[in-house]
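Engineer: Okay, here's what each chain looks like letter by letter:
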Amino acid sequence: MKKILSGWESLCASSGPLRFIDVNLRGVGQVMFQDNPFSGALFLAAIAWGSYAAGVPQVLFGGLIGVAAATLTALWLRVDPASLRAGLYGFNGVLVGLALATFIAPGPLLWAYVVLGAAVSVVAMSATADVLKTWGMPALTFPFVIVTWMLLLATYGLAGLAGTALPTAGVVAPFESVAATRVDLGIFVQATLLSISQVFLKGSTIAALLFLAGLAVNSVAAAVAAVAGAALAVVTAHLLGAESDLITGGLLGFSPVLTAVALGTVFNPPGLRSAAYAALATVFTVVAQAAFNVALTPLAIPALTGPFVLVTWIFLLPRPAR
Amino acid sequence: MKKILSGWESLCASSGPLRFIDVNLRGVGQVMFQDNPFSGALFLAAIAWGSYAAGVPQVLFGGLIGVAAATLTALWLRVDPASLRAGLYGFNGVLVGLALATFIAPGPLLWAYVVLGAAVSVVAMSATADVLKTWGMPALTFPFVIVTWMLLLATYGLAGLAGTALPTAGVVAPFESVAATRVDLGIFVQATLLSISQVFLKGSTIAALLFLAGLAVNSVAAAVAAVAGAALAVVTAHLLGAESDLITGGLLGFSPVLTAVALGTVFNPPGLRSAAYAALATVFTVVAQAAFNVALTPLAIPALTGPFVLVTWIFLLPRPAR
Amino acid sequence: MKKILSGWESLCASSGPLRFIDVNLRGVGQVMFQDNPFSGALFLAAIAWGSYAAGVPQVLFGGLIGVAAATLTALWLRVDPASLRAGLYGFNGVLVGLALATFIAPGPLLWAYVVLGAAVSVVAMSATADVLKTWGMPALTFPFVIVTWMLLLATYGLAGLAGTALPTAGVVAPFESVAATRVDLGIFVQATLLSISQVFLKGSTIAALLFLAGLAVNSVAAAVAAVAGAALAVVTAHLLGAESDLITGGLLGFSPVLTAVALGTVFNPPGLRSAAYAALATVFTVVAQAAFNVALTPLAIPALTGPFVLVTWIFLLPRPAR
Numbered sequence: 002m003k004k005i006l007s008g009w010e011s012l013c014a015s016s017g018p019l020r021f022i023d024v025n026l027r028g029v030g031q032v033m034f035q036d037n038p039f040s041g042a043l044f045l046a047a048i049a050w051g052s053y054a055a056g057v058p059q060v061l062f063g064g065l066i067g068v069a070a071a072t073l074t075a076l077w078l079r080v081d082p083a084s085l086r087a088g089l090y091g092f093n094g095v096l097v098g099l100a101l102a103t104f105i106a107p108g109p110l111l112w113a114y115v116v117l118g119a120a121v122s123v124v125a126m127s128a129t130a131d132v133l134k135t136w137g138m139p140a141l142t143f144p145f146v147i148v149t150w151m152l153l154l155a156t157y158g159l160a161g162l163a164g165t166a167l168p169t170a171g172v173v174a175p176f177e178s179v180a181a182t183r184v185d186l187g188i189f190v191q192a193t194l195l196s197i198s199q200v201f202l203k204g205s206t207i208a209a210l211l212f213l214a215g216l217a218v219n220s221v222a223a224a225v226a227a228v229a230g231a232a233l234a235v236v237t238a239h240l241l242g243a244e245s246d247l248i249t250g251g252l253l254g255f256s257p258v259l260t261a262v263a264l265g266t267v268f269n270p271p272g273l274r275s276a277a278y279a280a281l282a283t284v285f286t287v288v289a290q291a292a293f294n295v296a297l298t299p300l301a302i303p304a305l306t307g308p309f310v311l312v313t314w315i316f317l318l319p320r321p322a323r
Numbered sequence: 002m003k004k005i006l007s008g009w010e011s012l013c014a015s016s017g018p019l020r021f022i023d024v025n026l027r028g029v030g031q032v033m034f035q036d037n038p039f040s041g042a043l044f045l046a047a048i049a050w051g052s053y054a055a056g057v058p059q060v061l062f063g064g065l066i067g068v069a070a071a072t073l074t075a076l077w078l079r080v081d082p083a084s085l086r087a088g089l090y091g092f093n094g095v096l097v098g099l100a101l102a103t104f105i106a107p108g109p110l111l112w113a114y115v116v117l118g119a120a121v122s123v124v125a126m127s128a129t130a131d132v133l134k135t136w137g138m139p140a141l142t143f144p145f146v147i148v149t150w151m152l153l154l155a156t157y158g159l160a161g162l163a164g165t166a167l168p169t170a171g172v173v174a175p176f177e178s179v180a181a182t183r184v185d186l187g188i189f190v191q192a193t194l195l196s197i198s199q200v201f202l203k204g205s206t207i208a209a210l211l212f213l214a215g216l217a218v219n220s221v222a223a224a225v226a227a228v229a230g231a232a233l234a235v236v237t238a239h240l241l242g243a244e245s246d247l248i249t250g251g252l253l254g255f256s257p258v259l260t261a262v263a264l265g266t267v268f269n270p271p272g273l274r275s276a277a278y279a280a281l282a283t284v285f286t287v288v289a290q291a292a293f294n295v296a297l298t299p300l301a302i303p304a305l306t307g308p309f310v311l312v313t314w315i316f317l318l319p320r321p322a323r
Numbered sequence: 002m003k004k005i006l007s008g009w010e011s012l013c014a015s016s017g018p019l020r021f022i023d024v025n026l027r028g029v030g031q032v033m034f035q036d037n038p039f040s041g042a043l044f045l046a047a048i049a050w051g052s053y054a055a056g057v058p059q060v061l062f063g064g065l066i067g068v069a070a071a072t073l074t075a076l077w078l079r080v081d082p083a084s085l086r087a088g089l090y091g092f093n094g095v096l097v098g099l100a101l102a103t104f105i106a107p108g109p110l111l112w113a114y115v116v117l118g119a120a121v122s123v124v125a126m127s128a129t130a131d132v133l134k135t136w137g138m139p140a141l142t143f144p145f146v147i148v149t150w151m152l153l154l155a156t157y158g159l160a161g162l163a164g165t166a167l168p169t170a171g172v173v174a175p176f177e178s179v180a181a182t183r184v185d186l187g188i189f190v191q192a193t194l195l196s197i198s199q200v201f202l203k204g205s206t207i208a209a210l211l212f213l214a215g216l217a218v219n220s221v222a223a224a225v226a227a228v229a230g231a232a233l234a235v236v237t238a239h240l241l242g243a244e245s246d247l248i249t250g251g252l253l254g255f256s257p258v259l260t261a262v263a264l265g266t267v268f269n270p271p272g273l274r275s276a277a278y279a280a281l282a283t284v285f286t287v288v289a290q291a292a293f294n295v296a297l298t299p300l301a302i303p304a305l306t307g308p309f310v311l312v313t314w315i316f317l318l319p320r321p322a323r
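Residue numbers (this note's numbering), protein chains in the order written: chain A, 2 to 323; chain B, 2 to 323; chain C, 2 to 323.
Only chain A is shown next, with the shape it has when bound in the complex (with noise of 0.2 Å):
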């Protein structure tokens, strides 16, 4: 595989074009951390069945416009080079133009809003690298997160942009659950791999089969990673007494399996501290989408990745946990 790898970096040196397709696939590679253009190729994959299988062609359009956009924008700022290389430039342009594919209905404006998503996600994730170096700190997804929600939110006073697939307002209520959800081997295999499908807005099992041989080209380690984590964050949630929908349908995983990822085997040495530390972190994570879900019900925008850089924040900053 490196051999192949290194053929593909040997093609793209003689290449422009080819360069502008790798540090593409790069970018998409980077939603899970990696920095290679076959987890990127194989990530993009996923998000066409996916997107295919769902019925929504225009949101895997959306996330190629968004990559697109997002590179060119950096390119044009002159961002550092090296990051730009290593696709650092292009995951939050990706999940811009996924996230508002996935929420808006299509439409002329809605490429033109993917466009300028994109091109600001690449000035916020050099804002964002910018203050968080005092800490030494990634920016994750927060770029992503704080852009889509403007965007999203703004698309409420806005008539050309119609958010047809947002949630609906609503009122902050105790919830209580209908009945009790069986225990069963089938649901429980379903909801851990739409878990980590649901990270790039997807809930397909073959989807996440392949964002897994995306991660594992690369680091088996993040793919074993991102399926405990899942695992992990299904049954947390199902002791908590989460909704059985919510939980089979990955949307309170998803944050919790780049927690798992980023803790386990990103940003931490491997070992039996680590995965200790990283269990607990996405313990919490799962609180913390459940809180954010809470929090965000008056305003009818989703949580995105919101709790997973919050979490992963907190728990990356202690020194003594390094």
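Hints are computed from structural coordinates only; laboratory data are not their basis.
Heads up, some of the hints might be wrong.
[Said to hold, decoys possible] Across the chosen pairs, the derived CB separations fall in these ranges:
# : chain 1 : residue 1 : chain 2 : residue 2 : range
1 : C       : Leu76     : A       : Leu210    : 40 to 46 Å
2 : A       : Ala166    : C       : Ala106    : 34 to 40 Å
3 : C       : Ala174    : B       : Val221    : 57 to 63 Å
[Unchecked claim] Computed footprint of chain A on chain B, listed as stretches where at least three residues anywhere in the stretch have a Cβ under 8 Å from a Cβ of chain A:
# : stretch
4 : 170 to 177
5 : 310 to 316
Ideal Cβ positions, reconstructed from N, Cα and C, are used throughout, including at glycine.
Got chain A; can you put chains B and C on it based on the hints?
Structural biologist: Same frame as chain A, but now just chains B and C:
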């Protein structure tokens, strides 16, 4: 003009009361980044006209009490003398006074509230400047926004202060344009001018012209940026299908005006690259203004210049843009 | 008193279990900034009395489990030993335990929730301290506030945890006083004392006297500042027309009490200038408490000590005030 200014400055050098007036006028001028007492005097004339024309003379008094209380607090706290002389401890106080007197019914408690808010705005300015100097960032109107939001929110729990002109709490819901707005030059010019006067919470074309004169007296570039930013904001809001009344009242344009002036003339060297970058930020500030309006709907308070502060910080931080 | 303390300290030096108890008592003491095990013991007695008198003994257990879980987590994470010994990793855990056991119905999941929250409060404390040391700022009770808000918000999405004592979500609307409250010395004294006991979420005058004793045993100045801050908060809230029940229950005064103690005795040198500065901050904390109460109305969670944290940070940051 420079000669008159240096004449005024030598007058001030020999008189304590004149120096006090000079500092307060510069404080008013700094609402739009102009360290010039004549700018401040013209801005005050605009506020006076706007308050008189709208039948709310107390708003002018609110602004005067706010800036004076802020300057006196700054003297008591022994802030940096150079920043004080440049009016940097006054502009948040003016805005606190204007905003409180605009949204709260007059009465003795209102004036106590203005003095309290203006005094705290100075502490908040000092605190914000201290935090942001880590990244070489300006405080902008953040102290005004955070202090005024708290003072306005609190009125809903305090019978002594009636926020009679505050918005009513609403439920976030999709917005559908009632009818296509006719594009009309008169309306476009009015919307552009009111976007400028709303920086000081005034909806008056005559006040807008006085504000532009106040800018031009110190920086023709700033006046041009204000008009260009306002026009760009009006066009953007119209294309995205924003509510007509908000556009024509200048209520989606005042934050973008400040973004355009800040990024186009104050903090970046002039040029095509700066102008393009400022234009991107200005367009996004329109989206941010719509987003803040929606996010604050359940809380029944206005966005003030929060969108300007957030977007301008995001666009000022990246090193590549400088 | 100093002799008894040094006797206790030499006892602790020779016994692991006593040292563990000492650290936890200091953790309780640090809720009001007192690094003294006797302060902690008196605070615990106050919590015990308040819980017993209100018929909620589980609240005492919540606090005890919270502080012990926090201390054990801090040991596991190998935090700075000097800070640990001073109780700085325990006070957020106590508060998490008290708050969760106050607002959530008892049951096995509650205790798991307390342990989770206390453990995460230690990570959050370490993270907050790491960020804030850039400006020499203390973490205050921010870790408690942010972690508890998330844990309480999440209960609305988790059937396993019933937030039976949480407020009901409401719509922000103008508040009109039903009738003028009669000024009465008995009510004034009660409101002042309950403002002190509510720092630990208790509404009991006997508990308040025990808390004052706990302060005085380590710092008479702190006890005086607590009483003065509480009285000033009650007067301010009354003059501004706040709801009588909130005033007499001490619910607008507990954050100002902490502000007064922090700014008047802990972080600034004593003196008239410090006192005036602390008084301004205390008055503004009343406004901030009312504002947080309103802002959290749609989210149906309490403000906790969030207003104290925000206002004290704002007033601690400016260099000129020191």
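Engineer: Would you mind marking each hint as holding or not holding in the structure?
Structural biologist: For each hint, the structure was consulted:
1. Checked against the given bound of 40 to 46 Å, the beta carbons of Leu76 of chain C and Leu210 of chain A, roughly 42 Å apart, stay inside it.
2. In this structure the supplied range 34 to 40 Å holds for Ala166 of chain A paired with Ala106 of chain C, their Cβ-Cβ distance being about 36 Å.
3. Range check, Ala174 of chain C to Val221 of chain B: about 48 Å between beta-carbon atoms, so the 57 to 63 Å window is missed.
4. Beta-carbon proximity to chain A at under 8 Å applies to 6 residues in the stretch 170 to 177 of chain B; the threshold of 3 is reached and the given coverage holds.
5. For the stretch 310 to 316 of chain B, the stated coverage by chain A is satisfied: 3 residues place a CB nearer than 8 Å to a CB of that chain, which reaches the threshold of 3.
This entry does not satisfy hint 3, going by the numbered hints stated previously; all others are met.
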